[in-house]
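Number of protein chains: 2
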Amino acid sequence: MRAGKLTGMDRRRVIIEGVRPEVDGGRFPIKRVVGETVAVEADVFTDGHDEVSARLLWRHEKQRNWRTAVMEALGNDRWRASFGVDTLGSYRYTIEGWVDHFKTWRHDLEKRLAARQDVAVDLLIGAGWVAQAAERARGADAASLHGWAERLRAETVSQAERSTLALSEELTLLMARYPDLDHATRYAVELPATVDPVRARFSAWYELFPRSWGSEAGKHGTFRDLGERLPYIKELGFDTIYLPPIHPIGLTRRKGRNNAVTAAASDVGSPWGIGGAEGGHKAVHPELGSVEDFRMFVERAGAEGFDVAIDIAFQVAPDHPYVEESPEWFRQRPDGTVQYAENPPKKYQDIYPFDFETSQWRSLWRELESVFQFWVDQGVRTFRVDNPHTKPFGFWEWCIGRLKARHPELLFLAEAFTRPRRMYRLAKLGFSQSYTYFAWRNEKSELERYLTELTHSDVAEYFRPSFWPNTPDILTEYLQTGGRAAFMVRVALAGTLCSTYGIYGPAFELLEHEPREPGSEEYLHSEKYEVRSWDLERPDSLRGFIGRLNRIRRENPALHENRTLRFHFVDNPQLIAYSKASGTPDVRSLNPYGDVLLPPPLVPPPGSADNNVILTVVNLDPAHTQSGWIEVPLGTFGIDAARPFEVEDLLTGTRYPWRGAWNYVELNPRVSPAHVLRITQASISDAAED
Amino acid sequence: MRAGKLTGMDRRRVIIEGVRPEVDGGRFPIKRVVGETVAVEADVFTDGHDEVSARLLWRHEKQRNWRTAVMEALGNDRWRASFGVDTLGSYRYTIEGWVDHFKTWRHDLEKRLAARQDVAVDLLIGAGWVAQAAERARGADAASLHGWAERLRAETVSQAERSTLALSEELTLLMARYPDLDHATRYAVELPATVDPVRARFSAWYELFPRSWGSEAGKHGTFRDLGERLPYIKELGFDTIYLPPIHPIGLTRRKGRNNAVTAAASDVGSPWGIGGAEGGHKAVHPELGSVEDFRMFVERAGAEGFDVAIDIAFQVAPDHPYVEESPEWFRQRPDGTVQYAENPPKKYQDIYPFDFETSQWRSLWRELESVFQFWVDQGVRTFRVDNPHTKPFGFWEWCIGRLKARHPELLFLAEAFTRPRRMYRLAKLGFSQSYTYFAWRNEKSELERYLTELTHSDVAEYFRPSFWPNTPDILTEYLQTGGRAAFMVRVALAGTLCSTYGIYGPAFELLEHEPREPGSEEYLHSEKYEVRSWDLERPDSLRGFIGRLNRIRRENPALHENRTLRFHFVDNPQLIAYSKASGTPDVRSLNPYGDVLLPPPLVPPPGSADNNVILTVVNLDPAHTQSGWIEVPLGTFGIDAARPFEVEDLLTGTRYPWRGAWNYVELNPRVSPAHVLRITQASISDAAED
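Residue numbers (the working numbering), protein chains in the order written: chain A, 27 to 716; chain B, 27 to 716.
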């Protein structure tokens, strides 16, 4: 119940509710990248017949003053305005609404005049509103408004003449500058928005084990060696090179090849078995080079346009210096040993997890934050975080929050393959990108359902998916059994469904598909436990296909974002079809009861410079040619149904003349299992006019 | 960003989110009635492999201590528990979750034993958890837990034996009594629930103008006269008698018959033109009787089982004492007159609205609250509030909040026929029931869509719909043109779709259908402006049909609530079919992303005393016989598909043997446009066994 005492708050007649976007009542920020707009909607209304006005307020955290934009009424009490974000870091936005007496009066006057009523008294009332605004105004505007008030009151002038003045645009604009905000309602929450670099939304990752990139087969690779191989990765078209942990690898209980419980003397161990005599999370594995070598590699890659991402895995090998220096960060077992990692009945005695319930949790948290800072100081801007869901959620919010406050350009990719709530929570807490279930979504219906959740529910406000067809831990059954076409299908899906994606190579482009044992998703001869040597020049390599795919991605802005994604009907369950369009993906109307009301994406007219519509069709069956009829939403794409239009397969360069909504597609997986079609109409009509 | 300082809060590893039911983050209460249960769901999870436990906490506002219930895991991090509400007033509920080390340990032990591992150290670890619980326990439990810890540690006893002890139910239950809540997470909000009398959910209203119920035709009726006619209303089966304003009616600018601008001397005026020399909102119109007569009528009706609702319309006639006593509550026009009601270009010079923006708003609010209190003191418990959407929302929250704090049994029906957001907001602020758009929803598809929003979205948590086929202001085109069958259709829909409904009579049962002019929804010779005399004995009266309908409603618990409503397929767009079932309507699973996941209603087995399934089929076409095949969801209703079952039309008493999912229905509107079918299977099988 409300308290009995009446305060000024109670005089606020305007209600603001149903604000979108908003994550958990403003507890967490929405995410955007530099250059995007934030379209904000809300229900704004009051009692009675009075009209309301509303405005959007926003500011960057470093700015003191709010900027404002007038909100536009969409009907049914829904209002909208947008703001652009051009600076990295944190923004706040909120909404103000007020009863607008002058606007009400002005509209009523129009109705009275239309009904030919006497408006003598009404003009006096209007003059009163203008005179009140004059009191709020200053300088010339104040004098001007006083003048307007006088003119509306001038009984020597006819009602008709004064009414014309009253309805003039000049007065309307002047009055709008001095609203009566005395009893305005400010939405109770200042909603946060995190603005990241563009690569948070659009990037293509290439994961590799540097030790396999030595100057000759079998020789342990170094950062210098890897620097020499950048042209290969450049040709593949990736922009982010992601390295598994680069730290010294423990010796005690080191795992051998194929995860053998005991390692041979020559075995190099797993990069995730972090820490040894040479150091821990702030050191570089000596065989890869020095910290200086690493810094030079980051610089050299940066000069070539690459971002280098490193893996941060908060766990230690028994040899890690932390074990001796800070035993209080680990749980002791009753027999005096240190608690190793377990997932009963499985035991991972080569790994010690941190005990986040330790009484010394504060020093632990601070040390772990300093690990990130150390690598930031070496030039790293992007971190892939290993198993973040096995560390407390509160730690990530604190740690990422502090790091991003100092370095808003940092990105964090959450490697959490766990239940949906936990994955979404990590994204809310600050992770910039997230791994997904994509690797295991093979059927058309499951892809459609999953992508709709990711791109057209509130999840899209805070969770940026990254699609990976494979990782060093994930060799899916589809890839194991589907042959070369299966690899093409999966990378084509990843790269066109999701603006951020990645592969683990060269295993991927070289079609590595043997599991360690039947039923396992582990690779046979996994690079996790040994140095591999890859024949990058193999003729069956997918390097050409992937290079084309990445070039198409770069050249077509439609593929730089996910919110315009929509699926189209094909009359064959093995064919999936979907489109993305450049435009204004943020303009979408959500009603406050949770439904997503999707307006068609606003596509610039075909032929205009901004128009970019990419329609992808993929044959999900890697074994057989599949064909079908696809329904093209002509209206949504702005295509004139009466005229032919052209689709060009950007993968092959082939052009097809299409006409009308229904068109035939046929995909032979042995040739190319996907069409990535750019739609144009103008070019055909131009040609027809010749 | 999070502040840098680390506090104990940061150690809380459990996350609680996605709590349902919850209205606007707990800003507004959910609504229930005495005897219902509140099923609460939430996502509760933590990092890593540890298991969590959760409990629901609740208390009545008058209780100091929380009561608790263990929450049950539904899978995928979703948890549920329920509590019953047996006391009027306000409840609070919230959720606690914690990392349950003993539960984790116990499950891990099971896995280790299954894998035949050595568990010597594990038993010592478990003994540690038990010993810690012993420290939290008191008295006998503490001693007992210490004993258990000792036994788990006893190395002289075999691991197998100690493991059996460790997994015993006795220890599990004992440990569950002493959870480690040191770092438990309490959900940030204590969510409110308003508990109303049962009639807030289930009631049947009859609106009448007492002045037309005089002892002889043409004579102004009194409360005494009305008291004599209670048997008629009783026979109709209504439980709430609702009276338009009962106050003195103003003379100045009084409206004449059919809303004529000038009244004849004999014209009685509109009851909504409140206030005159005889008094205002705390007085009774002298021709109806005295305040004492009114109080006696309320008592007499109460003795007959009726609740008497009165209309509170916060507006005044120019003669109302307030105008002279408190001119500051009204807006003055520049010409010195009082601002009358307007909806430009329409003017209502016989009505003055209150100026809620007056500087004397506090005294105005207090006076208006005192009007309700005055009538509460005369025995009124139910108020129909006229046009609440033309008074500030904040006023209603304050006013209803204060009144319900003193008198939690009060009900308020909002007469707001306005835009959806405003209607829903009034319900959130405290109105117990609300008028709806039902009167204008005629087509099957629009009825299905509207009812789904009202009963299966979050709206159902706070907005209780009341369905009215007519009101003194609303004579729909359907009723004007559809004949007697149209009235039967609309009252059957109202009474079976919605647990609370009402009619304005005797206009309704006597089929009054002439509009004041074509295209108008106003009645010709409206009782709003004149005394009518009704021939209640007319042979075409619907009194018998309505009486049967209300008896069916009373006798069938399925019709006492709305949340089990679901629509069924009929292959004829003129036939609408839907069912309600008694059971546990509150058990529904909502995922946090807004979808409603509807489990089938849990229906007690057919033939059991609690089983009550009502399937209604209505012919929406009042002019023609319509027939079709209806699909009966046998599984949902617990009907054995292999056996026949019986449906009994409770309106006619006819029984039909049905079998299988698809059954034929045919409705002749001249006979009866609706089936209200009770489904039973047991009776048929019993008969078959004879």
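Everything labelled a hint here was simulated from the structure, so no lab data went into it. For glycine and all other residues, C-beta sits at the position ideal for the given N, C-alpha and C. Please note that the accuracy of each hint is not assured.
[As the list claims (entries may be wrong)] 16 angstroms max Cα-Cα, derived EDC-like pairs, lysine to aspartate or glutamate:
1) Lys-137(A) to Asp-134(B)
2) Lys-308(B) to Glu-368(B)
3) Lys-373(B) to Glu-393(A)
4) Lys-245(A) to Asp-293(A)
5) Lys-308(A) to Glu-423(A)
6) Lys-373(B) to Glu-547(A)
7) Lys-373(A) to Glu-351(B)
8) Lys-31(B) to Glu-423(A)
[Claimed, not checked] Chain B stretches covered by chain A per the calculated footprint, using a threshold of three residues with CB under 8 angstroms from any CB of chain A:
9) 337–347
10) 386–394
Going straight from one Cα to the other, do Lys-373(B) and Glu-393(A) come out at no more than 16 angstroms?
violated, 74 angstroms
Holds or violated: the stretch 337–347 of chain B covered by chain A, criterion of 3 or more residues with Cβ-Cβ distance under 8 angstroms?
violated (count 0)
For the pair supplied as a hint, Lys-373(A) and Glu-351(B), confirm whether the alpha-carbon distance does not exceed 16 angstroms.
Between Lys-373(A) and Glu-351(B) the Cα gap is close to 85 angstroms, so the pair fails against 16 angstroms, i.e. violated.
Proposed proximity, Glu-423(A) with Lys-308(A) (alpha carbon, max 16 angstroms)
violated, 22 angstroms
Pair hint outcome, Lys-373(B) versus Glu-547(A) [Cα-Cα no greater than 16 angstroms]
At roughly 78 angstroms apart (the allowed maximum being 16 angstroms), Glu-547(A) and Lys-373(B) break the hint.
Count the residues of the stretch 386–394 of chain B whose Cβ falls closer than 8 angstroms to any Cβ of chain A, and tell me whether that reaches three.
As far as the stretch 386–394 of chain B goes, the hint holds, because 3 residues have Cβ atoms under 8 angstroms from chain A.
So if I understand the rule, the pair passes when the alpha-carbon distance is 16 angstroms or less; does Lys-308(B) with Glu-368(B) pass?
Since the Cα atoms of Lys-308(B) and Glu-368(B) sit roughly 25 angstroms apart, the hinted pair is violated (cutoff 16 angstroms).
Are the Cα atoms of Lys-31(B) and Glu-423(A) separated by 16 angstroms or less?
holds, 13 angstroms
Verify the proposed pairing of Lys-137(A) with Asp-134(B), using a straight-line Cα cut of 16 angstroms.
violated, 76 angstroms
Pair hint Lys-245(A) and Asp-293(A), alpha-carbon separation not exceeding 16 angstroms
holds, 13 angstroms
Violated hints, listed in ascending order, are 1, 2, 3, 5, 6, 7, 9; each of the other numbered hints is respected by the structure.
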